[in-house]
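Student: As given, the protein sequences belong to chains A, B, C and D, one line each in that order. Following the working numbering, the numbering of the first sequence begins with 210 at its first residue and continues without gaps. Following the working numbering, the numbering of the second sequence begins with 210 at its first residue and continues without gaps. Following the working numbering, the numbering of the third sequence begins with 210 at its first residue and continues without gaps. Following the working numbering, the numbering of the fourth sequence begins with 210 at its first residue and continues without gaps.
Certain hints may be false.
As the list makes no split between identical chains, a pair holds if one copy fits it or if it spans any two.
Derived lysine-lysine pairs resembling BS3-like cross-links, with alpha carbons at most 30 angstroms apart [said to hold, decoys possible]:
#1 K378 with K356
#2 K501 with K356
#3 K280 with K291
#4 K280 with K298
#5 K501 with K280
#6 K280 with K356
#7 K378 with K298
Note that these hints are calculated values from the structure, not bench results.
Protein chains: 4
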Amino acid sequence: MSLGENVVVTLFGESHGPAVGALIEGMPPNVEFDLEQLIADMISRRPGSGLASKRKETDEVDIMSGVHNGKTTGMPILLIIKNRDVRSKDYSFLPYQPRPGHVDHPINIKTEGAADLRGGGSFSARLTAGLVAAGSLSRTIIPSEWKVEATVGALGGLEGEEGIALAEKARKDGDSLGSRVDLVISGLPVGLGEPWFDGIEPALARALMSIPAARAVEFGRGVNAGTMRGSEHNDTWGQDMSLSDGADGALGGMASGAPIRVRITFKPPSGISKPQETFNQISGEVEELAIKGRHDPVIAPRARPVVEAVARLVLADLGVQGGYIDG
Amino acid sequence: MSLGENVVVTLFGESHGPAVGALIEGMPPNVEFDLEQLIADMISRRPGSGLASKRKETDEVDIMSGVHNGKTTGMPILLIIKNRDVRSKDYSFLPYQPRPGHVDHPINIKTEGAADLRGGGSFSARLTAGLVAAGSLSRTIIPSEWKVEATVGALGGLEGEEGIALAEKARKDGDSLGSRVDLVISGLPVGLGEPWFDGIEPALARALMSIPAARAVEFGRGVNAGTMRGSEHNDTWGQDMSLSDGADGALGGMASGAPIRVRITFKPPSGISKPQETFNQISGEVEELAIKGRHDPVIAPRARPVVEAVARLVLADLGVQGGYIDG
Amino acid sequence: MSLGENVVVTLFGESHGPAVGALIEGMPPNVEFDLEQLIADMISRRPGSGLASKRKETDEVDIMSGVHNGKTTGMPILLIIKNRDVRSKDYSFLPYQPRPGHVDHPINIKTEGAADLRGGGSFSARLTAGLVAAGSLSRTIIPSEWKVEATVGALGGLEGEEGIALAEKARKDGDSLGSRVDLVISGLPVGLGEPWFDGIEPALARALMSIPAARAVEFGRGVNAGTMRGSEHNDTWGQDMSLSDGADGALGGMASGAPIRVRITFKPPSGISKPQETFNQISGEVEELAIKGRHDPVIAPRARPVVEAVARLVLADLGVQGGYIDG
Amino acid sequence: MSLGENVVVTLFGESHGPAVGALIEGMPPNVEFDLEQLIADMISRRPGSGLASKRKETDEVDIMSGVHNGKTTGMPILLIIKNRDVRSKDYSFLPYQPRPGHVDHPINIKTEGAADLRGGGSFSARLTAGLVAAGSLSRTIIPSEWKVEATVGALGGLEGEEGIALAEKARKDGDSLGSRVDLVISGLPVGLGEPWFDGIEPALARALMSIPAARAVEFGRGVNAGTMRGSEHNDTWGQDMSLSDGADGALGGMASGAPIRVRITFKPPSGISKPQETFNQISGEVEELAIKGRHDPVIAPRARPVVEAVARLVLADLGVQGGYIDG
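Excised from the complex, chain A in its bound form:
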């Protein structure tokens, strides 16, 4: 459960266990720990408001190691976020009636019944709290010209207010909605990245596809590139090596100088209050299951800060690897 080779983030915890969090290795020493930014970042992904579930978590981060006198020491940083608002009785139907679209059944088989399935256990989006905390820390080592910005691209295929209305409608129907987050990374030095499997695109694709419910990752013109001609698709090297903007923010794993545009599609949340059919392993019948609990109707708004965190962690890792950031 580790991301990165140089700045390494390892997640731990279960949704209904004592805590979730992250262990971060490879942060250089003497980096100011920006507590206010950390609090702001944690709030940005917190449930309890708007298009998000009603689970209330303060998401206070306990810094257990690696920080001394308000600065990093260069040693592993352990961040713990205690779980408080846990209602485990909501999950008594598990593992006998696995929820459609959830990891309940595969993880139960994989661990031969040992996994803590309540609230998704270690697969819960709750663990993204640790990712966001780690991503917040990585801000301080990333050069200020390297910009990472994720926005909610579309809800149910619609942008802005229309999308929000669509999501509200789905919620009222006890249903959920697919969505998209748009990520733009700009200001990277030409050549940042690595060849082949550790390139910017593969590294981002891996990290972004590990966010729960991600179903597609597109770079540049994405799926549209599949219907274009080369003469139309190619960005050209203009005056002084400037690059027309769109297709080729990264080439062969390395930054080209143009913005890197990424789109991440999230499936509609699988947990809906509308009754769904699923197999009951006790009765041996397919039966209806109504999942109580607190559901997000759409993922993009809460995934947005996670996308940013993950992108920052990938850049921090590549930056140290390439010598752009002191490791």
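Based on these hints, arrange chains B, C and D on the given structure of chain A.
Tutor: Then chains B, C and D, alone, in the frame of chain A:
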């Protein structure tokens, strides 16, 4: 330039250097080396026919270590494919006039001029020969029920003969065309995979996005999931845990029992014979550049066996990790 | 700060920070968590009695993740041991007057002053508490025939009561004494291990040399092998492949079937109450420094359980690697 | 079979297969390839003269990738050394009569008979040719102030001419002799290294213990530290942080500024022409075995350049890790 944690493939070589190839670590001992399959797999990606460039390579694989009496020894396997049909004078305009859509400029900056840029150097699709050879070897350790099948999904958005016609048209125009490969993985045991960053989807996304010219990776319903409702998207667990086919071949990084459907979009090849504008660093002007040499007009047909190879390597790696395959 | 490739233990914490501990990845699911054994193992390395410092730590281990219903879940296990009996004013002379034989000066330079030097910070033997806790957990996955036993070999070169008397004498003089731990690993299956850099001997040598104050690691006949002839040194393969006991418990990185005998020499603890000379960076003079605080006069008795823990972690790692243990 | 995290060397090949060699990843671009130094280094470990076996190998190194116009490109460097003087009939008694002190039996069990045992296969000291070649390359990236010097410390416990006489005597008796190599590393910047498991001492101990026949690694005062008192053992920080020379070249995994002194003890070579007893798996009896072939009577003279190579590779790796060397 390594893929995998348990079965580790490291690529090496340059397009116009002495050789390309792969070093494979973690193959178990006593595995029959299927030379005929290797030859067949190498032929499937070879240039020189149909919608492919005219570079002629026999792509004979020299086995330099790790095989004894026709079986693996458990030690690192070195596969070397010598370069023969190399025409380096085609690239004399580099690095001063970087080709649009190519890695020439970023790699030149990254390596401060040291990289061998001829034919794309270490970033050339020529290095996929090593990937295909390694993928061929991995066939022998993957259980026979695990099926991996990649097909050419579309050329320029069209399937079958229509797509081929469109690609031929592009070639005649000195241009190129985008394309798509469809990958279906089936027969995996429920639970195969790992949580989070090493899950099936992140691992495949990373490996597939490292194939040159890949621009999008979609799982299940892919970008279409972004416009669906949960009640419509969710696959349900049917009788005896069977799963309706489509959305959820992998859940939370693990196989669910249903086929995993992946679509990989490739941009149109950047190298086209039609003249393109690019900056000339000597003259300080944007000038036309006509790239001679041998170009593929469309990527999917040649990428297809690479997609299969990459998918097999990911499965072999996860299979050893999970104890499904003896390491 | 990670040990292992398959069963991975990462240490964190500072001697005078909030806590120390370990994050353990790669433990298989459904392993009974033996709490009593854990308590017993923690007690075995605890300070506060006999030939150990007077620091009083209960060393209670908080299990923060990865354990559910008394069994492992297969997810990362976070173990935290809070620091309680901390007296930080003892270290006000740092970093200006680095203690002889301590890491104060190198770590201060390396981290440009950012490290928490109190009590040795992240380099304190206090962090071996996390190692011992992790080693305790690994007991449950190691086959019962694989025996790991470390004993106090010698104190100041003398065995048994004589050695203890010598150490007591050193303590009364405000001084300290060198020592040796003897480790015997037996019952391993022939062939356990890996070639070259990940072999049993290299892996043990690395892990054991990372225990604070270790200065030599010897295998088999150790330094004595340097004065022997081959005809005298070689163990012979006897009836039914039995091996005469002594020289060759591991051959080429793999278990041979005979016991693996290892000796680890520890230097005398650098922290002594007897005044020592050291450079004072403020005065620019070499001055006497008397280090108050609580010192161990000899290392072997407290290192003994750490040696066992480290050896178990190496074996667990190699066991999973080789398929002898379900990963 | 890989050493290093940043500069990664992977060995491959078999003693009686087509070739041995090394794949080196992580070498920075634009490093002059010093071919004359490479040739000199290869000659220094070559068999065929003095206290070495009579196997004749020219040990020419073929550079297959990663070097262009005489400089590194930053891509993986593949070095191949073809095997020429191979006499495989000498090993027809394997695997039925395993040689005492050799890896024949464990590797045969581990690989279920698949390994190529001739000449030690992948465990042969022949593979150190790849290590020496890789170490030669690493010279060019290591700062010139960092000095690495290994000398033959003792043969059979005796230094200089006396030791050589003792080894000659052993050879004439069809026997072999133990030996020691002394390694001194100086000029390192204070703080070079990492905490705990990746520290200088653990990293060197691992790498050195992987040299065939190594049996002990000692740092500073080594096994003698076990009989000393702290007041006697501690090096003191003198005027301007100079360090008295001897005990503490590395502290807590990091360079202290003083020379790091290491002693490596090698067992007497197991392959001797004098008949030895070993079990014959066909007859089921312990029988005499006289091993023909070409034997080294003592290891230190040929291990000396390997010790240097290994030490350089460890330093290059730590240097890149710590930012002292551009990666």
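Student: Evaluate K501 and K280 at a C-alpha cut-off of 30 angstroms and name the case that applies: within, between, both or neither.
Tutor: Between copies only: 28 angstroms across, 44 angstroms inside.
Student: For K280 vs K356, is the C-alpha pair at or below 30 angstroms within one copy, between two copies, both, or neither?
Tutor: For K280 and K356, only the intra-copy Cα distance (23 angstroms) is at most 30 angstroms; the inter-copy one is 35 angstroms.
Student: Are the CA atoms of K280 and K298 at most 30 angstroms apart within a copy, between copies, both, or neither?
Tutor: between (41 angstroms within a copy, 20 angstroms between copies)
Student: Quick one: K501 to K356, C-alpha cut-off 30 angstroms, is that within a copy, between copies, both, or neither?
Tutor: neither (40 angstroms within a copy, 38 angstroms between copies)
Student: Is it within, between, both or neither when you check K378 against K298 at 30 angstroms Cα-Cα?
Tutor: within (28 angstroms within a copy, 62 angstroms between copies)
Student: At most 30 angstroms between alpha carbons: which applies to K280 and K291, within, between, both or neither?
Tutor: both (23 angstroms within a copy, 21 angstroms between copies)
Student: State whether the alpha carbon distance between K378 and K356 is at most 30 angstroms within one copy, between copies, both, or neither.
Tutor: For K378 and K356, the Cα distance exceeds 30 angstroms both inside one copy (34 angstroms) and across copies (41 angstroms).
This entry does not satisfy hints 1 and 2, going by the numbered hints stated previously.
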